[in-house]
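Under my numbering, think of the first position of the sequence shown as 1, with each following residue one higher.
Worth flagging that the hints you see were computed from the coordinates, not collected in a lab.
The structure displayed is predicted, hence computed values, not measured ones.
C-beta atoms are modelled at their ideal positions from N, C-alpha and C, and glycine is treated no differently.
There may be inaccurate statements among the hints.
Computed cross-link-like contacts, DSS-like style, restricted to lysine-lysine with a CA-CA straight-line distance of at most 27 Å [as the list claims (entries may be wrong)]:
id, residue 1, residue 2
1, Lys-151, Lys-131
2, Lys-138, Lys-114
3, Lys-151, Lys-53
4, Lys-64, Lys-53
5, Lys-109, Lys-151
For each label pair, taking beta carbons as the anchor points, the in silico distance ranges come out as [as the list claims (entries may be wrong)]:
id, residue 1, residue 2, range
6, Ile-19, Pro-98, 27 to 37 Å
7, Ser-168, Ile-19, 38 to 48 Å
8, Asn-123, Ala-79, 41 to 51 Å
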Amino acid sequence: MKSLDLYLSSLSKDERDAIADKLQPSPTRPPLASWDIYSQAYQRKLDELERAKDLTLLNQLKAKYAWVYDFDALDWDNATYEAIVVTDANAIILHATPGFVAMTGYAVKKALGKSPNFLQGPNTLPEPKQKIRQAIDKGEPVVAQLVNYRKNGEQYMCEVNIIPLYNSQDKLTHFIAFEREVA
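Could you put together the complete structure from these sequences and hints?
As structure tokens, then:
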């Protein structure tokens, strides 16, 4: 049973879909799949629904601010982020997803109107901060890892993938950061 669990959990979505018909439960016998497989599939489904909500939010913001960025073109099935943070052109937080709360411990309301650097602290190195600042000043995308701090004071390594967002007049209006905790 553990071998089946390990095998099935290692499959990509496309690979699982290809064999899904072979894993259908019998109406007369209990399913062979263990709780681990079920819970992993359930978690994947929850993640897919959360990503769909994120995409809907981003497309609503796109319409509101007339961004020309195509969020539908992103590889949402393989995207590796826990939180999305949207700032204005001055890097002031305007929106954050529920993943931000889970990752940082801060309520979205507490983050609104602040710069993301409120999450930084004594062990945040200046080099990644400088790399991010330079990219933001130039209106360029950037990926960086830096030490951030949760509300409870615990530090964690955060990878940020920041994308500048331009409106239909080619004016930089916002930034979007896809963030995740890394080891």
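- Query: Do the alpha carbons of Lys-109 and Lys-151 lie within 27 Å of each other, as the hint requires?
  - Reply: The given pair, whose Cα atoms are some 13 Å apart, holds under the 27 Å limit.
- Straight-line alpha-carbon gap Lys-64 to Lys-53, limit 27 Å: Holds, at roughly 17 Å.
- Are Lys-151 and Lys-131 close enough, with their CA atoms no more than 27 Å apart? With Cα atoms ~25 Å apart, Lys-151 and Lys-131 stay inside 27 Å; holds.
- Cβ separation of Ile-19 and Pro-98, checked against the hinted range 27 to 37 Å: With Cβ atoms ~32 Å apart, the hint holds.
- Message: Check whether the Cα positions of Lys-138 and Lys-114 lie no farther apart than 27 Å.
- Response: Holds: Lys-138 and Lys-114 sit about 21 Å apart, inside 27 Å.
- Query: Does the hinted range 41 to 51 Å hold for Asn-123 and Ala-79 at CB?
  - Reply: 28 Å, violated
- Pairwise beta carbon distance, Ser-168 to Ile-19, judged against the given window 38 to 48 Å: Cβ of Ser-168 to Cβ of Ile-19: about 45 Å, so the range 38 to 48 Å holds.
- Message: Does Lys-53 sit within 27 Å of Lys-151, going by the straight-line distance between their CA atoms?
- Response: 25 Å, holds
Checked against the numbered hints above, the structure breaks only hint 8 and satisfies the rest.
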